[in-house]
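Engineer: Sequence:
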Amino acid sequence: MDVTDRAGGETSPGGAEPVASPGRLSGRSLALVAAFGLSILLVNFGRPWALTFHEVNFAEPAREFLRSGDWLVPRIMGKPLWDKPPLMHWAIAASMGVFGTEAEWAARLPAALSASATALVVAVLAARWFGERAGVLAGLVQSTTVYAFMQGRLAEADMMLCAAVTAAMGCFAVASGAGGEPSPRRRRLWAVGYFAAAGLAFLAKGPIGPALVAAGSGLFAAVERRSGPWRVLLDPVGWGVMLAIVVAWPAAAAWREPGLPETWWRHNVERFSGRLSGGGKDPFFYLYTSAWLALPWTPIAALGAVACRREGTRRRAGRLLGSWAVGMGLLLSLSAWKHKHYIIPALPPLSIWAAVGLERLVTSPLAARWSRLGYGLGAAALGAVGLAAGVALTESGKGIEAAAALVAGLAGSGLALAAALRRRGRPGAALAAVFGAAWASFVAVHSLAMPGFDDYRGQSDLARRIGGELPEGADLSVVGVPDPQVSYYLPLPVQHHPDDRSLAERLAALPPGSRPVFVVAPRKILGDLKGLGGVRVLGEAATVHPRKGEEDRMIAVELRPDGGRIAGMVRGGGDSARNR
Numbered sequence: 001m002d003v004t005d006r007a008g009g010e011t012s013p014g015g016a017e018p019v020a021s022p023g024r025l026s027g028r029s030l031a032l033v034a035a036f037g038l039s040i041l042l043v044n045f046g047r048p049w050a051l052t053f054h055e056v057n058f059a060e061p062a063r064e065f066l067r068s069g070d071w072l073v074p075r076i077m078g079k080p081l082w083d084k085p086p087l088m089h090w091a092i093a094a095s096m097g098v099f100g101t102e103a104e105w106a107a108r109l110p111a112a113l114s115a116s117a118t119a120l121v122v123a124v125l126a127a128r129w130f131g132e133r134a135g136v137l138a139g140l141v142q143s144t145t146v147y148a149f150m151q152g153r154l155a156e157a158d159m160m161l162c163a164a165v166t167a168a169m170g171c172f173a174v175a176s177g178a179g180g181e182p183s184p185r186r187r188r189l190w191a192v193g194y195f196a197a198a199g200l201a202f203l204a205k206g207p208i209g210p211a212l213v214a215a216g217s218g219l220f221a222a223v224e225r226r227s228g229p230w231r232v233l234l235d236p237v238g239w240g241v242m243l244a245i246v247v248a249w250p251a252a253a254a255w256r257e258p259g260l261p262e263t264w265w266r267h268n269v270e271r272f273s274g275r276l277s278g279g280g281k282d283p284f285f286y287l288y289t290s291a292w293l294a295l296p297w298t299p300i301a302a303l304g305a306v307a308c309r310r311e312g313t314r315r316r317a318g319r320l321l322g323s324w325a326v327g328m329g330l331l332l333s334l335s336a337w338k339h340k341h342y343i344i345p346a347l348p349p350l351s352i353w354a355a356v357g358l359e360r361l362v363t364s365p366l367a368a369r370w371s372r373l374g375y376g377l378g379a380a381a382l383g384a385v386g387l388a389a390g391v392a393l394t395e396s397g398k399g400i401e402a403a404a405a406l407v408a409g410l411a412g413s414g415l416a417l418a419a420a421l422r423r424r425g426r427p428g429a430a431l432a433a434v435f436g437a438a439w440a441s442f443v444a445v446h447s448l449a450m451p452g453f454d455d456y457r458g459q460s461d462l463a464r465r466i467g468g469e470l471p472e473g474a475d476l477s478v479v480g481v482p483d484p485q486v487s488y489y490l491p492l493p494v495q496h497h498p499d500d501r502s503l504a505e506r507l508a509a510l511p512p513g514s515r516p517v518f519v520v521a522p523r524k525i526l527g528d529l530k531g532l533g534g535v536r537v538l539g540e541a542a543t544v545h546p547r548k549g550e551e552d553r554m555i556a557v558e559l560r561p562d563g564g565r566i567a568g569m570v571r572g573g574g575d576s577a578r579n580r
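Just so you know, the sequence shown maps onto residues 1 to 580 in our numbering.
No lab work stands behind these hints, which were simulated from the structure alone.
The structure displayed is predicted, hence computed values, not measured ones.
Some clues are possibly wrong.
Ranges of calculated distance between the beta carbons of each label pair, as one might list FRET restraints [stated by the list, open to error]:
id: 1; residue 1: R426; residue 2: R465; range: 51 to 57 Å
id: 2; residue 1: R560; residue 2: D83; range: 34 to 40 Å
id: 3; residue 1: V43; residue 2: T543; range: 23 to 29 Å
id: 4; residue 1: G452; residue 2: G97; range: 30 to 36 Å
id: 5; residue 1: K530; residue 2: V43; range: 45 to 51 Å
id: 6; residue 1: P283; residue 2: R319; range: 21 to 27 Å
id: 7; residue 1: L189; residue 2: G27; range: 20 to 26 Å
id: 8; residue 1: V43; residue 2: L66; range: 23 to 29 Å
id: 9; residue 1: E551; residue 2: E262; range: 29 to 35 Å
id: 10; residue 1: R256; residue 2: W230; range: 34 to 40 Å
id: 11; residue 1: E551; residue 2: R47; range: 26 to 32 Å
Restricting the straight-line Cα-Cα distance to at most 20 Å, the calculated cross-link-like pairs of lysine to any residue (SDA-like) are [what the hints assert, rightly or not]:
id: 12; residue 1: K530; residue 2: E551
id: 13; residue 1: K524; residue 2: R553
id: 14; residue 1: K530; residue 2: L510
id: 15; residue 1: K524; residue 2: T543
id: 16; residue 1: K530; residue 2: D562
id: 17; residue 1: K524; residue 2: P482
id: 18; residue 1: K340; residue 2: W292
id: 19; residue 1: K338; residue 2: L287
id: 20; residue 1: K79; residue 2: W249
id: 21; residue 1: K338; residue 2: W292
id: 22; residue 1: K338; residue 2: F272
id: 23; residue 1: K548; residue 2: P482
id: 24; residue 1: K79; residue 2: G259
id: 25; residue 1: K340; residue 2: P296
id: 26; residue 1: K524; residue 2: D552
id: 27; residue 1: K548; residue 2: P484
id: 28; residue 1: K524; residue 2: P493
Ideal Cβ placement from N, Cα and C applies to all residues, glycine included.
Use the sequences and the hints to build the structure in full.
Structural biologist: And the structure:
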């Protein structure tokens with residue numbers, strides 16, 4: 001006798017794993033998950049915190065796409081940027097084009113939408129396996145993890161990669177029968193979705209995207225004693241779709257301009273093997289990094305995983321979640337290069353386990369003891385807020401201490417309120433109190449603490465001010481600046497020169513008596529610029545990046561080229577930044 005899977009009209013043949021109260025997410029539940037997650041990320045979203053240099057690597061090519069009309073090859077100051085494929089650049093350019101602005105919030109919006117999309121996929125998967133309430137909880141948990149909050153407000157590709165990988169694993173879960181065997185037609189449709197999402201993961205961040213998908217789904221296929229997962233992995237139509245997505249852009253871009261294969265070899269193979277300097281993390285780096293990135297839900301996720309295993313509910317789904325997290329974690333751990341944000345695509349399974357754990361905490365006989373513990377913890381946290389707030393009010397210059405005090409108070413209040421509501425037999429209201437406190441805590445952090453980390457504000461304000469004062473058609477260059485951050489706040493076109501000698505070589509080709517050249521550069525090369533002609537300092541950055549010194553303070557100068565001095569440097573007689 002077949003058992004109908006109400007989540008999608010699929011069936012589990014007799015003798016197969018029983019279906020444990022699966023369900024669909026209603027439109028209202030989907031809207032709740034989306035609105036909750038976006039509200040965390042979009043509060044104060046328009047506050048103009050300067051883009052970091054990592055963000056400019058994605059936002060500046062988008063800006064140049066819109067100016068040039070050429071969306072094939074990402075460029076920074078006119079030079080090809082081959083580090084990453086262009087999906088995030090395209091998304092940022094689309095955001096800027098739709099809203100008609102190059103403001104920071106427009107550059108960061110695709111990451112916020114990717115975070116919301118990830119939460120929705122997680123919610124849908126959890127609902128299929130554990131019911132609608134678990135689905136909603138999983139989506140809310142996903143939106144209140146440290147990593148979603150951190151990467152969902154950065155104009156970088158990591159959250160988009162996470163969304164694509166999560167979508168691929170979600171399609172694979174359905175196609176492979178992790179929640180009930182699908183019909184052949186539905187398997188084919190979901191398999192094509194799996195491969196298409198893997199292709200998008202490639203366009204988000206390169207070969208590591210499909211590799212992560214393969215690690216998670218391949219491990220699941222290996223531990224399953226049935227053919228369903230392998231039929232998905234070997235689907236010829238799906239492979240054709242993915243290859244079309246994966247091959248099209250690199251082929252067109254490499255045909256246009258050389259350099260892509262060599263750069264990708266360096267950034268993928270040499271990073272993985274350790275031949276490219278910058279690695280060195282220990283083999284267990286991702287284990288403890290995952291634990292804090294998934295906060296505040298890590299302990300509850302562990303509880304949920306144990307509960308699922310002990311109760312025997314949805315064991316096949318549990319194996320898929322475990323394969324997803326472990327397979328991707330193992331692959332990344334083999335790489336010599338390790339960074340905290342690399343592990344993010346492996347973490348959504350923890351949100352589903354945390355949802356199960358939350359349900360058990362609220363509905364199980366242990367809930368009464370949890371309530372008493374909650375009162376104690378809440379009282380202790382609230383009692384500590386007075387001292388913390390006093391320190392914050394007297395010593396805080398950046399709001400960090402104030403944010404910490406407020407988060408402690410909110411967490412304590414939320415826990416105490418949830419415990420009280422649970423004791424009164426209102427588990428739904430108790431969960432609402434928990435997520436309300438989590439929402440308020442994250443908003444407090446990015447409202448009070450994050451402005452204190454606006455490390456590029458000084459040079460960004462300088463660039464924006466100087467750009468507004470330049471005459472139309474001014475010759476503008478950035479000189480001696482290894483990262484492109486400041487270029488984003490200057491009007492296009494901008495020339496880039498690694499040092500003063502490179503600038504001299506360009507100026508030597510200009511006709512005598514040319515108009516002044518405007519330069520943005522670190523203070524340490526001011527003397528070298530004076531060797532090229534008359535220099536007038538137009539302004540300097542109000543602040544210096546915390547990890548840099550006074551010699552790195554950004555300045556803007558007007559340079560009137562001296563043909564004789566420039567000719568001498570070009571002939572090799574000058575002291576350039578390259579030779580210092």
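Engineer: Now tell me if each hint is right for this structure.
Structural biologist: Results for each hint:
1. Here the CB-CB span from R426 to R465 is close to 55 Å, well matched to the stated 51 to 57 Å.
2. Distance hint check for R560 and D83: the Cβ-Cβ separation is about 36 Å, which falls inside the suggested range of 34 to 40 Å.
3. Remark: the range hint 23 to 29 Å for V43 to T543 is upheld by a beta-carbon distance near 25 Å.
4. Between G452 and G97 the beta carbon distance is about 33 Å. The supplied range of 30 to 36 Å therefore holds.
5. Distance hint check: the CB atoms of K530 and V43 are about 48 Å apart, consistent with the given range 45 to 51 Å.
6. Evaluation of the 21 to 27 Å hint for P283 and R319 yields a pass: the beta carbon distance comes to about 24 Å.
7. Here the CB-CB span from L189 to G27 is close to 22 Å, well matched to the stated 20 to 26 Å.
8. Restraint check, V43 to L66: a C-beta distance of roughly 28 Å satisfies the suggested window 23 to 29 Å.
9. At roughly 33 Å, the beta carbons of E551 and E262 sit within the given window of 29 to 35 Å.
10. R256 and W230 have their C-beta atoms about 39 Å apart, which keeps the hinted 34 to 40 Å range intact.
11. A hinted range of 26 to 32 Å holds for the C-beta pair E551 and R47, which are about 30 Å apart.
12. With a CA separation close to 16 Å, the supplied pair K530 and E551 stays within the 20 Å bound.
13. Restraint check: the Cα-Cα separation between K524 and R553 comes to about 8 Å, which is no more than 20 Å; the hinted pair holds.
14. Restraint check: the Cα-Cα separation between K530 and L510 comes to about 18 Å, which is no more than 20 Å; the hinted pair holds.
15. At roughly 15 Å between alpha-carbon atoms, K524 and T543 fall within 20 Å of each other, so this suggested pair holds.
16. For the given pair, K530 sits about 10 Å from D562 by alpha-carbon distance, which is consistent with the 20 Å threshold.
17. Using a Cα cut-off of 20 Å, the hinted pair K524 and P482 holds, with the two alpha carbons roughly 13 Å apart.
18. Simply put, K340 and W292 have alpha-carbon atoms about 10 Å apart, close enough for the 20 Å limit, and the pair holds.
19. A threshold of 20 Å between alpha carbons decides the hint, and for K338 with L287 the separation of about 12 Å falls inside it, so the pair holds.
20. About 18 Å separates the Cα atoms of K79 and W249, which keeps this hinted pair within 20 Å; it holds.
21. As the CA atoms of K338 and W292 are separated by approximately 16 Å, the hinted pair is consistent with the 20 Å bound.
22. As the CA atoms of K338 and F272 are separated by approximately 9 Å, the hinted pair is consistent with the 20 Å bound.
23. Only pairs whose Cα atoms come within 20 Å are accepted, and K548 paired with P482 is accepted, the gap being roughly 13 Å.
24. As the CA atoms of K79 and G259 are separated by approximately 11 Å, the hinted pair is consistent with the 20 Å bound.
25. With a CA separation close to 17 Å, the supplied pair K340 and P296 stays within the 20 Å bound.
26. This hinted pair checks out: K524 and D552 have alpha carbons roughly 6 Å apart, not beyond 20 Å.
27. A C-alpha spacing of about 15 Å is found between K548 and P484, which places the hinted pair at or below 20 Å, so the restraint holds.
28. In summary, the hint linking K524 to P493 is not supported, as the alpha carbons are separated by about 24 Å, beyond the 20 Å threshold.
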